[in-house]
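J.: Here is how the chains run, residue by residue.
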Amino acid sequence: MSLWPADVQERAKELIGRYPDPKSAVMPLLYLAMRQDGYLTEAGMGEVAGWTGHTPAQVQSVATFYGMFKTEPLGQYLVSVCTSISCMLLGGDDVLEAVEEATGVPHGETDAERLFSVEHVECLGACGGAPAVQVNYELIEGSTPDQARALCRWLQDERPEVVNTDDMQERFGGRRSFDWAIAESENAVGPYPAFGPYGTTPGGEV
Amino acid sequence: MTDLVKITVDGREIEVPAGELVIKAAQDHGTYIPRFCWHPRMKEVGMCRMCLVEIETPRGTILTTSCTTPASAGMVVHTASETTKKAQAGILEFLLINHPLDCPVCDKGGECPLQDQTMAYGPGESRFVEEKRHFEKPIPISDLVFLDRERCILCARCTRFADEIAGDPLIEFKDRGNHTQVQTFPDLPFSSYFSGNTVQICPVGALTASAYRFKARPWDLRRVESSCSHCTVGCSIAVEASRNDVLRFNGVDNDATNQGWLSDKCRFGFEFIGSENRLRTPLIKVDGEFQETTWADALDLVAERLGSIIEEHGGEAVGGIGGARSTNEDAYAFGKFMRTVVGSNHLDAQLDDGLDARFLAGVSPRAKIGDLDHAAAILLWAPDLKEESGSLYLRVRHAVQEGGAKLVVIHPRRTGLDDRATHKLTYRPGQGFGLLADLAGGEGDYAAVLETLSHGPVVAIVGRTGLTEAPELAEAVAGFALGLPDATVLPFARRSNVFGALDMGVAPSLLPGRVAADDAEAMAQLEAVWGPIPTHEARDTLGILEGLAVGDLKALILLGADPVRDVPDATVARRGIEAAEFVVAIDLFLTDTNQLADVVLPAEAFGEKEGTVTNLEGRVQKVNRIVTGPGQSQADWAILDDISRRLSKPLAFASAEAICKEIADVAPAYAGMTWELLEWDEKEGAVVPYGEAVQPLIHHPAAADRKALEAMSRQPSSGAFALHLARTLYDDGVLMRNSLSLHALAPGAAVHLHPEDAGRLGVTEGALVEVKSVDASIRLPAVLDSSLLTGVVYVPFNQPWTPSLGAALSVVVAAGKEVSA
Ligand code: SF4
Ligand code: FES
Ligand code: FES
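Chains as they are written, first to last, in this note's numbering: chain C, 1 to 206; chain W, 1001 to 1821.
To be clear, the hints were calculated from the coordinates, so they are not data collected in a lab.
Ideal Cβ placement from N, Cα and C applies to all residues, glycine included.
Treat each hint with caution, since some may be false.
Here are the simulated lysine to any residue pairs, SDA-like style, with alpha carbons at most 20 Å apart [as the list claims (entries may be wrong)]:
1) C/70 to W/1175
2) C/23 to W/1174
3) W/1174 to C/68
4) W/1174 to C/16
5) W/1174 to C/49
6) W/1174 to C/171
7) W/1043 to W/1400
8) C/23 to W/1168
9) W/1137 to W/1154
10) W/1707 to W/1446
11) W/1174 to C/62
12) W/1174 to C/69
13) W/1174 to C/41
14) W/1174 to C/201
15) C/23 to W/1419
16) W/1424 to W/1167
17) C/70 to W/1176
18) C/23 to W/1401
Taking beta-carbon pairs under 8 Å as the criterion, some of the chain C residues facing chain W (in silico) [what the hints assert, rightly or not]:
19) 41
20) 42
21) 55
22) 56
23) 57
24) 58
25) 60
26) 61
27) 127
Pulled from the structure, derived: some chain C residues nowhere near chain W, Cβ distances all over 10 Å [claimed, not checked]:
28) 65
29) 67
30) 74
31) 104
32) 147
33) 171
Construct the entire structure; sequences and hints are all you get.
T.: Dropping the structure here:
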């Protein structure tokens, strides 16, 4: 018996149908499970095991290998600051410090109210727009420590339901890697990446 | 045949199969390349890098892993060059960075590949001065296995074993990088029937067995190889003991049988040997209580009572049950004792839970276990192998996964191999004959199944799926299977040396050497050696018990048999034994059965005696002694010999080995069999060829004869359910009861029923259900089991603290009445 509501079950079936073997759908379904509970609970991993035919131990193995699957409760906003080489050279560490200070959350942790989780991460592939920051995996490039502080204050005060790269870049970003990039259409609704097909976007409920 | 190619290893040219991994090719030619993760029975992963060698390529010499590199013509390999040595030392320095080096308190110390290879190839010192990673010291990952993550070198042998070999991927790597660890899912332990193998193959002391932890150091252990006695496969094992205590069994890689693996029942089922409950002195019953006595007094009493019964009522007033747990030599002695000393043909090694003796001993062409590897199709219409024969289960899994065999499983409920089956057919107990007719007819849905089975070679594993099933069904199935292309049959019965005992003539219908008892010529030959053999009609176990109950038989001799536990219908067994005038039991323990005996004589167990055993393929293997039996226990044959002398008909056996020689003389199929032969023939044993001596298929109609088959189908009485009664790996048998690590693992009594039936009866999971058979009514917790068909209930046989239900097909099931508080 599934823990998931009918529409999510439909989504799971649809995702599984894209692969020759249900086991292959483990990662998309993990995102689906995160969308349900905000992070990967034991029950959520067990659910994914049931759908894919893996054992829960195997699902846990995948879930704990990849950094974007979180097995601890997270805040509503996951702020990730890149501290890899390009960003580090252009002040990523200062940005991280600014984020920690503005949110009051040291990296690797979540506040008691579960509003913010802060982490520092390896290269986000946005070196051209370093330093790079993400909120719920929506990218903001070229932020200064001040802009990062403003970003955090905005999140705190406005508590936006959804966040979007282009919108935040506009408000808090600086130089971008690619100015000509096509507009980002997906909006993130929680501390997991926004994938339309996976149902982790607003309206992801199908 | 694979082509051979020439490669050069350390300047020496060798010829190896093309594509063979360099690490294996080199080893087969005497060059050992160190390794941790590579295991010859599992797929290579190239995980640990210990097996680095230099290989010359057109683009220069490269350093690469020999466990992932297939040999190709002209390859030049250096396993001991300066660069290789430096690489090996470097890898070891890395592997030891986080290793705690707590060898002095580690079970593996002294037989640890990490320790040994560090000595042989390591750098001698480490540059690592930082803090090592820490984990909670050993955590139980199952009831039987502990994991120390600090010692783990992440070779993935255990996780690959769990997934690839056992099919129970309940342990996996968790986290990443420096945090990587082997883990189970929370609250979901590694409760695999095969978990103990990981302890044996872990190249460090990260995985340890609760039964062996801190019991001994490897250098204090003595070791003999033997053949496991827990099922009829007879897996090769190493029995290890220290100070006269058996402390450990390990699997030995015998290509013909277990390929190194053991189920946990076999690996940890040694504890009974040293159990304090073992019988140490002869016991005689005085005023309803057992009293210890001397051998002389006990044997005198046995001889006197048996003698007077034989004198008064003739030898045929005595029955003999047992022998399936004995060696061939002991079983032979039992058969000869019964037929010539007692003068009775009433003897049976089976406990009414198997197939007809002639079928087991005679059906041919007989498959070998190894034939599974090359089978195009496997028909499995037998007990759930996962529950009854772990290594055969692994072999079938392997054949499907690696050999590409198509598997057809036919069973009344879910089995361990369903996930590997191309076709799974589920039926109601009693209805197997009809299903066989349908299958043979190949109409409709059955067409695809028949098509799968129409590509040879076909190996059919045939046995009774459960204890309520008519034994004739298996014969009919075998008859059908033998008509399939290039087919061979492996008849399945579980109890350790039952095939050996039958071969020794411990069956109403057989004489030693797979000869039918009604074969006059063979009988005459045997009488030339044995002297006169009685000619009266012989009874099987059920017949003996029933005969005792009505007074046709007066006395019973039990040889390592516990019919009250093991005969499917305990009431019949109890009634017979209680009615007997005199019962003598030769056994390891006091059992439910021999509690009712007049005399109980202590016998030697596995590991305490030497002899031969024969497995289900007819493979004869040696079992060896490593400890002496407790107290005054003696070998079965010696006890029988002593009784025979007192009855003035001495068997006059000189030794077990002498008995083996006698077997070779009188048992046609065993001609030429000697202990030396088995020692020389390395580990595979010698297979006794199956001939035409016994006509095995006599009871059943042909698969094409639908009418006759349907006439044999049985229905439960109206309103009743059909009972599926089947064994589980761990149960309440006497050996399990005295193996503490395992007894607690028995699943416990329950009644499984289909959710629809449960709904109809108003029963929910866990609720108490009343199950009534002809002579018992018991209350069991319900388990909802959608793998059953409706109208069928499954009850696991012989569980702790549960009375017997009997083995009638028909049971009445109702929601248990609430017990008011
Ligand atoms: S526990 Fe042993 S077998 Fe398993 S990965 Fe670690 S070292 Fe290898
Ligand atoms: S280093 Fe920060 S995005 Fe590449
Ligand atoms: S043995 Fe080759 S990499 Fe481990």
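J.: Confirm or reject each hint.
T.: Status of the hints after comparison with the structure:
Distance hint between residue 70 of chain C and residue 1175 of chain W is fulfilled; the C-alpha atoms sit about 11 Å from each other, no more than 20 Å. Between residue 23 of chain C and residue 1174 of chain W the CA atoms are separated by roughly 18 Å; this keeps the pair inside 20 Å, and the hint holds. Taken as a hint, the residue 1174 of chain W and residue 68 of chain C pair is honoured in the structure, with Cα atoms around 15 Å apart against an allowance of 20 Å. Only pairs whose Cα atoms come within 20 Å are accepted, and residue 1174 of chain W paired with residue 16 of chain C is rejected, the gap being roughly 24 Å.
In summary, the hint linking residue 1174 of chain W to residue 49 of chain C is supported, as the alpha carbons are separated by about 15 Å, within the 20 Å threshold. Restraint check: the Cα-Cα separation between residue 1174 of chain W and residue 171 of chain C comes to about 39 Å, which exceeds 20 Å; the hinted pair is violated. About 15 Å separates the Cα atoms of residue 1043 of chain W and residue 1400 of chain W, which keeps this hinted pair within 20 Å; it holds. Using a Cα cut-off of 20 Å, the hinted pair residue 23 of chain C and residue 1168 of chain W holds, with the two alpha carbons roughly 15 Å apart.
Between residue 1137 of chain W and residue 1154 of chain W, the direct Cα distance comes to roughly 16 Å. Compliance with the 20 Å bound is thereby established for this hinted pair. A distance of roughly 18 Å separates the Cα atoms of residue 1707 of chain W and residue 1446 of chain W; the hinted pair therefore holds under the 20 Å criterion. For the given pair, residue 1174 of chain W sits about 8 Å from residue 62 of chain C by alpha-carbon distance, which is consistent with the 20 Å threshold. Only pairs whose Cα atoms come within 20 Å are accepted, and residue 1174 of chain W paired with residue 69 of chain C is accepted, the gap being roughly 13 Å.
Our distance criterion of 20 Å between C-alpha atoms is met by residue 1174 of chain W and residue 41 of chain C, whose separation comes to about 15 Å. The hinted pair formed by residue 1174 of chain W and residue 201 of chain C fails the criterion: a straight-line CA distance of about 28 Å is larger than 20 Å. For the given pair, residue 23 of chain C sits about 14 Å from residue 1419 of chain W by alpha-carbon distance, which is consistent with the 20 Å threshold. This hinted pair checks out: residue 1424 of chain W and residue 1167 of chain W have alpha carbons roughly 18 Å apart, not beyond 20 Å.
The straight-line distance between the Cα atoms of residue 70 of chain C and residue 1176 of chain W is roughly 13 Å, inside the 20 Å bound, and the hint therefore holds. Of the supplied pair hints, the one linking residue 23 of chain C and residue 1401 of chain W holds, its CA atoms being roughly 17 Å apart against a limit of 20 Å. Given hint, residue 41 of chain C at the interface with chain W, is violated; its Cβ is 11 Å from that chain's nearest Cβ, farther than 8 Å. Given the 8 Å rule on beta carbons, the hint for residue 42 of chain C holds: about 6 Å separates it from the nearest Cβ of chain W.
Look at residue 55 of chain C: its Cβ gets to within about 5 Å of chain W, closer than 8 Å, so that hint holds up. A distance limit of 8 Å between C-beta atoms decides the matter here; for residue 56 of chain C the minimum to chain W is near 4 Å, and the interface restraint holds. Of the supplied interface hints, the one on residue 57 of chain C holds, with its beta-carbon coming within about 4 Å of a beta-carbon of chain W, less than 8 Å. Against a cut-off of 8 Å between C-beta atoms, the interface hint on residue 58 of chain C holds, since the closest Cβ of chain W lies about 5 Å away.
Interface restraint check for residue 60 of chain C: the shortest CB-CB distance to chain W comes to about 5 Å, inside 8 Å, so the restraint holds. Against a cut-off of 8 Å between C-beta atoms, the interface hint on residue 61 of chain C holds, since the closest Cβ of chain W lies about 4 Å away. Against a cut-off of 8 Å between C-beta atoms, the interface hint on residue 127 of chain C is violated, since the closest Cβ of chain W lies about 22 Å away. Against the 10 Å criterion, residue 65 of chain C falls within the reach of chain W, whose nearest CB is about 5 Å from its own CB.
The claim that residue 67 of chain C lies off the interface is violated: its Cβ sits roughly 8 Å from the closest Cβ of chain W, which falls inside the 10 Å cut-off. Every beta carbon of chain W lies more than 10 Å from that of residue 74 of chain C, the smallest distance being close to 17 Å; the non-interface claim holds. With a least beta-carbon separation of about 27 Å from chain W, residue 104 of chain C lies farther than 10 Å from that chain, consistent with its non-interface assignment. Interface exclusion of residue 147 of chain C from chain W stands, the closest Cβ pair being 32 Å apart, more than 10 Å.
With a least beta-carbon separation of about 34 Å from chain W, residue 171 of chain C lies farther than 10 Å from that chain, consistent with its non-interface assignment.
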